[in-house]
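Asker: On the provided structure of chain U, position chain V as indicated by the hints.
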Amino acid sequence: ETGVTQTPRHLVMGMTNKKSLKCEQHLGHNAMYWYKQSAKKPLELMFVYSLEERVENNSVPSRFSPECPNSSHLFLHLHTLQPEDSALYLCASSQRKVSGNEQFFGPGTRLTVL
Amino acid sequence: KQEVTQIPAALSVPEGENLVLNCSFTDSAIYNLQWFRQDPGKGLTSLLLIQSSQREQTSGRLNASLDKSSGRSTLYIAASQPGDSATYLCAVTPWGTGGFKTIFGAGTRLFVKA
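Going line by line, the protein sequences match chains U and V. Each residue of the first sequence is one higher than the one before, counting from 1 in my numbering. Each residue of the second sequence is one higher than the one before, counting from 1001 in my numbering.
Be careful, since some hints might not be right.
To give an idea of the chain U side of the interface with chain V (calculated C-beta under 10 Å), a few residues [as the list claims (entries may be wrong)]:
id, residue
1, Lys22
2, Tyr35
3, Leu43
4, Val55
5, Val60
6, Pro61
7, Ser86
8, Leu88
9, Cys91
10, Ser94
11, Arg96
12, Phe105
13, Gly108
14, Leu114
Source of the hints: derived by calculation from the structure; they are not laboratory data. Here a beta-carbon is modelled for each residue, glycine too, at the ideal position from N, C-alpha and C.
Bound-form chain U, shown alone (with noise of 0.2 Å):
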């Protein structure tokens, strides 16, 4: 246990659906990221946020938005998505520091898009 959730853990979802991905962190940290893990490729960041503002957004498409409430809890609004949105779905957090920031990550959640 890293002390980071991520819910549900295996979601399909046709093309029109619109659900969302949760993930929460017990660490008392203040920054969450969304990462996605596609076959045979690199870990790709999506967003980060800290302190609840967006820091980063990596050229994500609009079908994907983000949503950090607070720092304990960050979501991934998903609508009208591709197959090739198909992957494994991580979250992370950290504590900010000025030396850079120890990540720990969520065990994921694999989404299907059919």
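Answerer: Using the frame of chain U, we list chain V on its own:
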């Protein structure tokens, strides 16, 4: 643009062998370098974090080194065990990104045979 490369992509060794995993990065201006382990379909587990001012870190049978000038890091695993079988990921956090934009390598898939 920072790029992270891991060699080899896959490695199979007999139990008990000492082994070295390699990571190289193109820009030495980094906050830190982090090694992770990922089991199939799961999230990432942080193994070791090396700050830019440090040369190495050790945890149990694991030792990671950092040579910024050459853009290299190695992860040394002593007396490998079947339970070490997993994918090992290297990640760097570049300067000038606020400490948030971590770049990952594609990983080395390790299989330790009993």
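Asker: None of the hints should be skipped; say for each whether it holds.
Answerer: A quick look at each hint next to the structure:
{"no.": "1", "hint": "Lys22", "verdict": "15 Å, violated"}
{"no.": "2", "hint": "Tyr35", "verdict": "8 Å, holds"}
{"no.": "3", "hint": "Leu43", "verdict": "4 Å, holds"}
{"no.": "4", "hint": "Val55", "verdict": "6 Å, holds"}
{"no.": "5", "hint": "Val60", "verdict": "13 Å, violated"}
{"no.": "6", "hint": "Pro61", "verdict": "19 Å, violated"}
{"no.": "7", "hint": "Ser86", "verdict": "13 Å, violated"}
{"no.": "8", "hint": "Leu88", "verdict": "7 Å, holds"}
{"no.": "9", "hint": "Cys91", "verdict": "8 Å, holds"}
{"no.": "10", "hint": "Ser94", "verdict": "8 Å, holds"}
{"no.": "11", "hint": "Arg96", "verdict": "6 Å, holds"}
{"no.": "12", "hint": "Phe105", "verdict": "4 Å, holds"}
{"no.": "13", "hint": "Gly108", "verdict": "5 Å, holds"}
{"no.": "14", "hint": "Leu114", "verdict": "19 Å, violated"}
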